[in-house]
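Construct the entire structure; sequences and hints are all you get.
Protein chains: 2
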Amino acid sequence: MDRSAEFRKRKAQCLGKADLSRKGSVDDGVVELVQLLNSQDQFFTTSSCAGRILLLDGGINGFAVQKQNCCWLLVTHKPCIKEDVIVALKKASGDAVLKFEPFVLHVQCQQLQDAQFLHSAAIECGFRNSGITVGKRGKTMLAVRSTHSLEVPLSHKGKLMVTEEYIDFLLNIANHKMEENSKRIERFYNCLRHALERETVPNSHPKIKEKSNPSYTHKKKRNPEKAHGKCITEENNKEPESDDDDPGISVNIFPQDY
Amino acid sequence: MDRSAEFRKRKAQCLGKADLSRKGSVDDGVVELVQLLNSQDQFFTTSSCAGRILLLDGGINGFAVQKQNCCWLLVTHKPCIKEDVIVALKKASGDAVLKFEPFVLHVQCQQLQDAQFLHSAAIECGFRNSGITVGKRGKTMLAVRSTHSLEVPLSHKGKLMVTEEYIDFLLNIANHKMEENSKRIERFYNCLRHALERETVPNSHPKIKEKSNPSYTHKKKRNPEKAHGKCITEENNKEPESDDDDPGISVNIFPQDY
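Top line first, the protein sequences correspond to chains X and E.
Residue numbering for the first sequence follows my numbering, beginning at 3 and increasing consecutively.
Residue numbering for the second sequence follows my numbering, beginning at 3 and increasing consecutively.
Some hints could be false.
Because identical chains share one entry, a pair is satisfied inside a single copy or across any pair of copies.
What the hints assert, rightly or not - Restricting the straight-line Cα-Cα distance to at most 30 Å, the calculated cross-link-like pairs of lysine-lysine (BS3-like) are:
{"no.": "1", "residue 1": "K93", "residue 2": "K141"}
{"no.": "2", "residue 1": "K92", "residue 2": "K19"}
{"no.": "3", "residue 1": "K19", "residue 2": "K84"}
{"no.": "4", "residue 1": "K92", "residue 2": "K161"}
{"no.": "5", "residue 1": "K185", "residue 2": "K159"}
{"no.": "6", "residue 1": "K92", "residue 2": "K11"}
{"no.": "7", "residue 1": "K161", "residue 2": "K80"}
{"no.": "8", "residue 1": "K84", "residue 2": "K159"}
{"no.": "9", "residue 1": "K84", "residue 2": "K11"}
{"no.": "10", "residue 1": "K80", "residue 2": "K159"}
{"no.": "11", "residue 1": "K80", "residue 2": "K19"}
{"no.": "12", "residue 1": "K84", "residue 2": "K161"}
{"no.": "13", "residue 1": "K13", "residue 2": "K141"}
{"no.": "14", "residue 1": "K80", "residue 2": "K11"}
{"no.": "15", "residue 1": "K141", "residue 2": "K84"}
{"no.": "16", "residue 1": "K25", "residue 2": "K93"}
{"no.": "17", "residue 1": "K159", "residue 2": "K93"}
No lab work stands behind these hints: they were computed from the structure.
Given below as structure tokens:
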């Protein structure tokens, strides 16, 4: 079976099988994006999370959590209020940690240059921890990852270590990050939709071309987040070498209004 | 100039130029690893951080930090004590955030399969957010990234939002993460050294082979971290689709004692 037939078969198998995640369905916040990608011959999504606020009752020092011992006290994909966290914290017996986990998406790509195309879009939209994985048999995945997270220990051996005022303050930040996260997903969806309309990503290539693809030859445009130094994480990457996270792929494959 | 000559030239240029990072030199914790990689024809490192505890005076809600306004109140690559943070916090006027940033490394690779080889090693050693970037002209980078971080807002508009006891508790966690981080760097160095001794990674290929390379055909071995469900972040990835972060590349290219 040729590579593209094999890819179509894997795509059909993967999209056909039951969603085995805890939730059992795609998060509302990413349904459109997932549908857009799965409507393309050269892509299919294998996992996604729109972003969530999570309260875990973990091991001491936030480490050595055995799967069977780690307990989710609270998980929500929507903004969260103090009362919910206070109630959930009463169930904590170990070290409870509040986390904001941003949007994450895994996409299987038919060819390396399909992954490069998607990676460029992700970087453009500020998902700077995105990266490609090429498996031993050539299975090519793109992981879209953001840099915006939050991980805050709240209790130690069941004892609350912060005030309710702090939890309120923290949830403002977490909710604000969730809002930013949603805007960024929307930006990614729009960028991708425009780019896909304007580009015809080849579905089949006899071999991977390492030469520049027309879609990568436009004038380089910096990722807006980066241009404005908007986020702390990127701020920490101010050393010149941090540009290596963006090695010449952050090209403008999008309309000027992005 | 052929691809491998071009790579050698870029490597010489890159390693020859001054280190423009704030620190101006490679962190002690990664010197050996950086030297090991740079001693290989098919790799050179372009940036690294051994891992650090950082106190930033950022913008409100930990967002919209303008580069010029973001201030590093404290940065250390060593374990940190409460008093240092208390003193540094006195200088905070915005929202101060304490972060632990784990080891990060960027490596330029001659060929895609060199990056795959290194990526396998990184995943094996638990650096699950690692990923490959292929630039528009084929420039191939591997970013080695960990999942173990910490990001904790401490003050709001200069007002401390937590107790000294909490800062002490938090630094225990941060210092413990730094210790784990060092062990993981050491493990990565040893895994890589053994793997490089046992493998001859081709330095030049007429074209990228997507077929299995002998170095990827050994019996698959799970990443130990993952096997033991050791870390919270991985715990959150318990959904079956989280395996997509590890799409068949976590093969055993290392001695059985790893």
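Each hint tested on the structure:
no., hint, in the structure
1, K93 / K141, "neither (42 Å within a copy, 50 Å between copies)"
2, K92 / K19, "neither (38 Å within a copy, 56 Å between copies)"
3, K19 / K84, "neither (38 Å within a copy, 51 Å between copies)"
4, K92 / K161, "both (9 Å within a copy, 27 Å between copies)"
5, K185 / K159, "between (37 Å within a copy, 25 Å between copies)"
6, K92 / K11, "neither (48 Å within a copy, 61 Å between copies)"
7, K161 / K80, "both (26 Å within a copy, 28 Å between copies)"
8, K84 / K159, "both (21 Å within a copy, 20 Å between copies)"
9, K84 / K11, "neither (47 Å within a copy, 57 Å between copies)"
10, K80 / K159, "both (28 Å within a copy, 26 Å between copies)"
11, K80 / K19, "within (27 Å within a copy, 48 Å between copies)"
12, K84 / K161, "both (17 Å within a copy, 20 Å between copies)"
13, K13 / K141, "both (12 Å within a copy, 29 Å between copies)"
14, K80 / K11, "neither (36 Å within a copy, 51 Å between copies)"
15, K141 / K84, "neither (44 Å within a copy, 47 Å between copies)"
16, K25 / K93, "within (22 Å within a copy, 45 Å between copies)"
17, K159 / K93, "within (11 Å within a copy, 32 Å between copies)"
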